[in-house]
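Novice: Residue numbers (this note's numbering), protein chains in the order written: chain A, 24 to 267; chain B, 16 to 265.
It should be emphasised that the hints constitute simulated quantities derived from the structure, not laboratory data.
Treat the hints with care, since some could be wrong.
Pairwise CB distance ranges, derived in the manner of DEER restraints [unchecked claim]:
1. 204(B) - 38(A): 18 to 26 Å
2. 106(A) - 253(B): 40 to 48 Å
3. 190(A) - 20(B): 45 to 53 Å
4. 174(B) - 82(A): 32 to 40 Å
5. 207(B) - 80(A): 53 to 61 Å
6. 253(B) - 245(A): 30 to 38 Å
7. 20(B) - 217(A): 33 to 41 Å
8. 20(B) - 140(A): 35 to 43 Å
Examples of chain B residues lying across from chain A (beta carbon under 8 Å, computed) [as the list claims (entries may be wrong)]:
9. 32
10. 37
11. 40
12. 105
13. 109
The C-beta atom is built at its ideal place from N, Cα and C for all residues, glycine as well.
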Amino acid sequence: MIAIRTNNLRKEYKDVVAVKGLNLEIMEGELFSLLGVNGAGKTTTIKMLATLSKPTSGEAYIYDYNVEDDQDKIKELIDISMQETAIARKLTVEENIEFYAKLSGQSDEEIKETKNYVYNAFELDKVAKKQASKLSGGWQRKLSIALALVTKPKILFLDEPTLGLDVIARRELWKTIRDLKDKMTIILTTHYMEEAEALSDRIGIMKDGELLFVGTKEELYAKTNKQNVEEAFINIVSGGDLDE
Amino acid sequence: MNKSISRIFTLTKRNLKEIIRDPLSLIFTILLPLFMEILFYLIFHEMTAQFEMKYLAPGIVVFSQSFLTLFTGLIISVDRNTSFLTRLYVSKTKSYEFIFGYILSVIPIALVQSVLFFLVGGIFDASIFGLGMVLAILLSLVSSLFFIGVGILFGSICNEKSIGGVSSIIITGQSVLSGMWFPTEGLNQGMITLMKVLPFKNATDLMQNMIVGIDDVFKDFLLPLIIVLAYSVVIIIIAILAFRSKMKEK
């Protein structure tokens, strides 16, 4: 089943075209990584799909719901973890989870279940009573991503989830993301090629608002004649000029 | 509708916790004005009528409210800049629910301020206790809406680094243009006119008149009330528009 479909999706700002006629299909249950250098249009694409930004033209569908016309329906199906750590800093970890759960209309019983679910997925029970501002950067990031699970979305957008994390914290998050893979469709943007390589079912490569490649790692290697995602990515984005 | 009220309540509770768990907000909204109320009364009340408790306590209430601009602005600008608000936009929460959540979370602080500063004032001068004090406490909510509205406006357009500087305009405005710290007699006509058309002195006069008594209902009560109310309504409308516009830009 197709979870996300875009048809000539385009986004223009004043004098910049951020996304140029994107055509993409992402299947339910897939972990799809969107790669690209800064300004490639990854975050803009995610924002349009998550109803945070209005497309200039073209269409995008989450299941059968149009991102412009059916925003309330879509909001029941998706959640997002932004590049920045987006948490209520003076609330404890537990209060953060309760806040998001209540805001999404969960009953007290459901909130209890949600807390257990999120604690298990991210081991946040260890720091449940700690104020978020007093957590280390890694734990804050974990909490920020965990909050996106509170609404139990069918589609989860992760925008640069491991940005700024040390190598151990990053690996721990990979493990968590892998565990989520079968439970929901995940769209991930990242600058870390090894992250895309380790986690993705399929990869999309964007440059200057255009989608240059979509396929599996194996298809990417075959197309570029390279043995890893980083070399293949450089080959595609530079047109082969930067190959070693 | 029930879901909307529940979301507003949830946002209000979170915002209130964020504000009161910041020690600086406690210092500036409660401790500093309280210290000034006691200190200025003890030092100056026998020298000048300006600092008799019936004038000082109402003035301190409005002065303390000017800090609400800073803390309302701060929470909104931090929420914006950390993408906390952007994340919430993915929920079904509407912009008016966010605005109510911010306003309602600051109202209890405004209420604590006015009750506390009047009660402390009453300890030094029991004559301020009475119906006038109750009315003054209720009317202080009108001026608090003005300061909260300015906070929402500043929080919607400024980042967290600039919010302190921008809010100091309002705090300074309340100090200089309210006439609470110095007598206005002898000031030039232009300054007096400015004080009359801005909300700061009107808010202070309204509170003070409730305590010392009203001679002319229109001049001492209705006129300052209408001016403060008008500023509060207009600033909240502008704040809502600014917030919504930022929400669209997300």
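Novice: Confirm or reject each hint.
Specialist: Hint check results:
no. : hint                        : in the structure
1   : 204(B) - 38(A): 18 to 26 Å  : violated (50 Å)
2   : 106(A) - 253(B): 40 to 48 Å : violated (31 Å)
3   : 190(A) - 20(B): 45 to 53 Å  : holds (46 Å)
4   : 174(B) - 82(A): 32 to 40 Å  : holds (35 Å)
5   : 207(B) - 80(A): 53 to 61 Å  : holds (58 Å)
6   : 253(B) - 245(A): 30 to 38 Å : violated (59 Å)
7   : 20(B) - 217(A): 33 to 41 Å  : violated (48 Å)
8   : 20(B) - 140(A): 35 to 43 Å  : violated (27 Å)
9   : 32                          : holds (6 Å)
10  : 37                          : holds (7 Å)
11  : 40                          : violated (10 Å)
12  : 105                         : holds (5 Å)
13  : 109                         : violated (10 Å)
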